[in-house]
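Chemist: Residue-level listing of the chains:
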Amino acid sequence: MPVKIDSAGCTGCGACVLSCPQDVLRLDDTQHKAVITYLRDCSSCRECLLHCPFHCIDVVNRPRKVAENFTMKQYLIGLGIDPKQALSGSKK
Amino acid sequence: MVKRQGLATLGTVIDTDILIVGGGIGGLFAAVKAKDKDSALDVLLVDKCEAGLAGPSAHAAGIVINWQPGDNFDDYLKEIIIENSEYLIDQDYVPEAVRQSYERVSELIDWGVDVQRDAAGNQIRIPVIGTAYGYGTPFLGGTQLTWKVRMQGVKRGVRLMSRTFVTDLLMTDGKCAGAVGFNVGNGKFYIFRAKATILGNGTVFFGRRPQMGQAGTTGDAAAAVLRAGGVMRNAEQVWATHGPAALDSSGVHLIFGSGGIIRNAKGERVMEKYNPKLLERSRRYEVARAILLEWKEGRGPCYLDCSHLSPEKITHIKTSLPRLAIALQQWGIDLARDKIEWVPYGLAMQCVGGVRVDSGDGAVSQMPGLWAIGNASDFVGGADSTAATALIASGNMGARAGVRAAEYAAGVHSLPIDEQRVHVLKKELFAPMQVKTGAMAHSDAATRLAEIVHQHIGLLKDEARLKLALSELQELKDKFSALAAKDAHELMLVQGLKNKELVAKACAQASLARQESRACHYRLDYPSRDDKKWLKWTITTLDKDGKIKVRLEDIPVGRWKYQPAVA
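Chains as they are written, first to last, in our numbering: chain A, 1 to 92; chain B, 1001 to 1567.
If you are wondering where the hints come from, they were derived from the structure by calculation, not from laboratory data.
Only a predicted model underlies this, so the values are computations on that prediction, with no experimental measurement involved.
Within a straight-line C-alpha distance of at most 25 angstroms, the following computed DMTMM-like cross-link-like pairs (lysine to aspartate or glutamate) qualify: (1) B:K1479 with A:D41; (2) B:K1467 with A:D82; (3) A:K84 with B:D1444; (4) B:K1498 with A:D41; (5) B:K1486 with A:D28; (6) A:K84 with B:E1268; (7) A:K4 with B:D1487; (8) A:K33 with B:D1487; (9) A:K84 with B:E1341; (10) A:K4 with B:E1490; (11) B:K1339 with A:E68; (12) B:K1188 with A:D41; (13) B:K1339 with A:D82; (14) B:K1273 with B:E1297; (15) A:K84 with B:E1451; (16) A:K84 with B:E1297; (17) B:K1486 with A:D29; (18) B:K1188 with A:D28; (19) B:K1266 with A:E68; (20) B:K1436 with A:D41; (21) A:K84 with B:D1338; (22) B:K1486 with A:D41; (23) B:K1266 with A:D82; (24) B:K1296 with A:D82; (25) B:K1477 with A:D41; (26) A:K84 with B:E1472; (27) A:K33 with B:E1490; (28) B:K1188 with A:D29; (29) A:K84 with B:D1462; (30) B:K1296 with A:E68; (31) B:K1318 with A:D58.
Throw the hints in and build the complete structure from the sequences for me.
Modeler: Written as structure tokens, this is what we have:
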């Protein structure tokens, strides 16, 4: 989970909701606190973390293994290079 | 034509003098300068997210490329036109844009943008990539800059509307009468009636998933203009930058301006072969392409090597790129010692191909009442990282368009809106919300589109793969009626995907048409540039049956100062 919200510290100010360029966060209707609604669309840009006045958001980057780099895989497939073979030896 | 009461049954009608779509640096400057020109005008700025917080300009790593008095001017212009844009750029545009970059940066500083200064308080300037003559001013973080411009707009009474996706233009008798859109949170439908409309809603980013700051850039401007009967230019020019394989990160100006080196699997310095003059400071897409060519030739992977840099430079890089620094620390990577795998990033159009505009003011060709600025436009034709074509240039184009739009709006009345057209657009827009379960998920379609584009319309193209791309894109488009959206957020994603598909097709067709390599466009089957036959722009339109058409138009180099020897 790249984004974590400490709901005990969250006051529901909405700064994170406003700041997210991917519309990932919303304010919960009942508790009126920030919730991660569309996690799949998160790009770990950290705008929520930077804008939260109460420091209750944490964003952790999981390093993407090179073999998981979707874009690079597609470029290689297009050139007729097997990405499994080509990327298997790559480190971070 | 329909009375206002008819429209009101379809959605919320909003009247304004100037509608600005997109709150990046271009749209924000347009809003400020429109108000400065005529404070009595109503200016409404609409953003898919929040003006000043989204899009590439709000996530720039921290360099504003700009020219200042005392910098080389003539050689810089020549380099931009000849070596950087390879004659694609409009040469009338460049000198003013370069000069005005200084005015815009000075304004930003007056408005409180924090730029880096030396101990004596002088602005720090560093050499930037893509040029032997250009400089940039480091500043502290992307949103710090765009938010300050937003606050200037707020101070002048610009109205702001957030979380609203403008999807299509409304044309009346060949003029732009406004636009339609919806709120991405609650799905409310809006009809904007505007005397003047400025599109500052960016380019297309073809990635499968959002890459930092790029999520909203789904080709909305180009797609809307094509659907409204307008024109794209340079659609074959697909750009990419490069960066660490394990993390999406900006910062190439800083890293390579500081002296970082890219090596291949054999330890060779990659760019010595492809551009011995500028090396890693070559145009970003040139480096991205070089890395891929190394892979193609069996010399991948490629790595960033900073082991030769001084501790001060390493510290400067980490301080200026906090996201990268935090990630490296989390992973236990030492920039001073370890090599970091380096790859080309996802494809985008980034102001190199886009809506055709007639001048540096952003007036859209043959569509009175409409402007397209910054990355939404095509004006910078192939050039990368220059004072006439980078971040501040988008702001400058916005500033100029804002003034022109204000002059225009002050002299016209609102045009009537075609209710039937609004009805059709609304029905098409919301159709995915009527699709039942079991239908196609947006994420699957988005993945498939990204596969097609990166495999076949990417940094290294050829005829067979471009034709394959067109056939695969059509196959994908035929499934679009099965795309389902369960809420307004998903509708935003689906509409963005449809726009991306249209622009991808335009790119593939234009790439097929240009049988040479120039700037961002590289054909493996036509790897050389041919100035004798190909001093031409590709011009892309959509016919009434929804098919992409590409024609060629001579670049008028004959009336300009810089011409290749064969012209």
